[in-house]
Amino acid sequence: MTLDYDGWIILIGVLVAACCAIPGSWLVVRGMGMMGDAISHAVLPGIAIGFLVSGTRSGGWMFLGAAISGVLAAVMTQIVHRWGRVDRGAAMGLVFTAFFSLGLLLIVQTADTVDLDPNCVLYGAIELAPLDTISLAGLDVPRIVMPLAIVLLANVGLTLLLFKELLATAFDPGLATAQGFDARWLHYGLMVLTAATCVACFEAVGSIITVALLVAPPAAALMLTRRMRWVIVLATALGGLAAVLGHFSALTVPGWILGGGLDTSSAGMMAVASLVIFLFMATFAPGRGVLARRWVSRRDAMRVAVEDALGLLFRLEERAVMLDRVEVEGLLQSDVRIGGRLGTVLTQIRRGSLAEVDNGAWKLTESGRTAARSLVRAHRLWETYLAGRASIPSSHLHAAAERLEHVTDPTLAEQLRTEVGDASDDPHGRPIPPG
Amino acid sequence: MDRPPEIQPTVARGSEHDPDAAISIHDLTVAYDRRPVLWDVDLDVPTGCLAAIVGPNGAGKSTLIKACLDLLPRVSGDVRMFGSPWRSVRSRVAYVPQRETVDWDFPVSALDVVAMGTYGRLGWLRPVGKAQKQAAMHALDRVGLSDYAARQISQLSGGQQQRVFLARALVQEADLYLMDEPFASVDAATEQAIVEVLRDLRSSGATLVVVHHDLQTVAEYFEHIILLNMRVVASGAMDETLTADNLRATYGGRLTLLEQAATALGRLSKDR
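Chains as they are written, first to last, in our numbering: chain G, 1 to 435; chain Z, 1 to 272.
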């Protein structure tokens, strides 16, 4: 099996995304997404020093240097936070910018003697990666694949091995520590893992885009699932998707905009794609997405409006007030919770055959009357209960009952009935309908 | 420091640990940023009793529990559980932190959280298996939440979350339970359910030390009381210890002077 140029870029991108998704998921659920940002920048001096010592871009020196400077940055953040009495975010900002500029200085200063390009560190050089190959079991494989594969294996292996320890220390560090799983060691272990991931990834996509891949896919996954193992699996899948989409859009998007045969940075487009995926999930995810939540609150508001309308019809009927259709609709319109929804409310009422227009006037049907009766019953039970138990002044009873009546199920209504004893009328002298 | 005459601790100050005590604390001092929170705490809780720690806000109730579990550094002092250092009896001790200390939006189910109680016995690297899940299910059942096992924890009410924490402690099958405000902001039904579980544990021989904030119910729920305000004001059987004098000494004006002194001391060391 051999891959062409684009195939290798996609494979490298997917490897990078998968590497980032695992420590990224743990960072995001710990509320430490910014730590990923900090570490990805803070490894730079370690990389530069490792590179100076060994004179090569491969090999363990760079990983060692990066792991040391990553953990050092995490420790120093903690020290600045505790001793400098600044909040954690500010402490991170201080430490990682200091580390990053130190790293840049080192690279620029030694640029004559070593082949490490500051631009490459920032943005990566995924387009060049497939050209720099080594021979592996008779195959020409991009050199960068090896460190990525090793880090990915390490990330997968450690997460499988230490899943319960990572979970416990992330959720409840106090209990985990009391059980013998020292939360601090796992914290720094995660920092080492993040640092190693950053080194493996920075050559392909640079330190800035690594941050996007650490944070965006896990954040998108959290929109879809609320189980940690699935967060990790989905973050990996969504990160891989971002890599594929990123590369293809890097090839095609500038063509749409500029109309030429130009293409743009694949790494940059991978970050953009991961952001787009996150925004898509945040908008459309069932349950947690913005639309789903809006739909639920809209549906609730509609239900309340329909119930209010039925309640009004019931009360008119109860007092034998005869109003024609226009007058009733005018009254409904003036209810704040119906108001502009009147058209939809009337359509729903008609469709559910809860009420109908008969002889130019609105009349409840049998099923509509039953629904309205239990609503009014709940309302009056609440008023009676609140007046007796909570000594709420009678002028405030109606507003409170008006909210509560919509969330009272038959069981609760029965409990209220028992609580208010043998009261047959509410505090305003209206009869409480039987259940 | 002279002890005011009306404060008569029922446990004598001694240099020896009581070997029969479930928890025995000697000379414990804890400070946040050099500001002392607990001073010279000497305390023995007998094995097999249901004990409440009571005291005003900032009295160091949670601090006492955390310091016993090495979750906070001590300035000085020694803690023994069942006559041994805490680390060697770790698996016999269960801890229930305050509910607000964790992120309830965390992506785990109620069952996942309860299963965390088994982690200590499992030790490093061994994954959660069928036996642990069954134990967790059983514990959830005991607190009346078996129908909620698969729920993500943010979908539980405050009282249900507190019961999940209790179930997580149950699954540890410990001999000593240290609980930090298990009754905080729960409804009356949950409070009764929790009390039932505590009494069950007590009758099966366990020792429970519970931070409690409600003086109305403390005598009803507990048989042993520790009155704490930066130091142990009094500790002993409920009837003898819950006296007006002791309460005044715990909540009254005299000890706020001590607190002022501690604040001043903290400021002094900071300036230096």
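Keep in mind that the hints were calculated from the coordinates and are not lab data. Ideal Cβ placement from N, Cα and C applies to all residues, glycine included. A hint or two may mislead.
Stated by the list, open to error - Here are the simulated distance ranges between beta carbons:
no.	chain 1	residue 1	chain 2	residue 2	range
1	Z	Asp70	G	Arg403	44 to 52 Å
2	G	Leu323	Z	Asp105	18 to 26 Å
3	Z	Pro73	G	Phe248	34 to 42 Å
4	Z	Ala131	G	Ser297	38 to 46 Å
5	G	Ala98	Z	Ala219	54 to 62 Å
Said to hold, decoys possible - To be clear about the criterion: a stretch of chain G counts as covered by chain Z if any three or more of its residues have a C-beta under 8 Å from a C-beta of chain Z, and this derived list gives those stretches:
no.	stretch
6	176-182
7	220-228
Going down the list of hints, with the structure as the test:
For Z:Asp70 paired with G:Arg403, a C-beta distance near 49 Å keeps the hint of 44 to 52 Å intact. For G:Leu323 and Z:Asp105, the hinted distance range of 18 to 26 Å is not satisfied, since their beta carbons lie about 50 Å from each other. For Z:Pro73 and G:Phe248, the Cβ-Cβ distance of about 55 Å falls outside the hinted range of 34 to 42 Å, so the restraint is violated. In this structure, Z:Ala131 and G:Ser297 meet the distance hint of 38 to 46 Å, their C-beta atoms being roughly 43 Å apart.
Range check, G:Ala98 to Z:Ala219: Cβ separation about 58 Å, and the 54 to 62 Å hint holds. Beta-carbon proximity to chain Z at under 8 Å applies to 6 residues in the stretch 176-182 of chain G; the threshold of 3 is reached and the given coverage holds. Residues of the stretch 220-228 of chain G with a Cβ under 8 Å from some Cβ of chain Z number 5, which satisfies the need for three, so the listed coverage holds.
Hint compliance for this structure: hints 2 and 3 are broken, all remaining hints hold.
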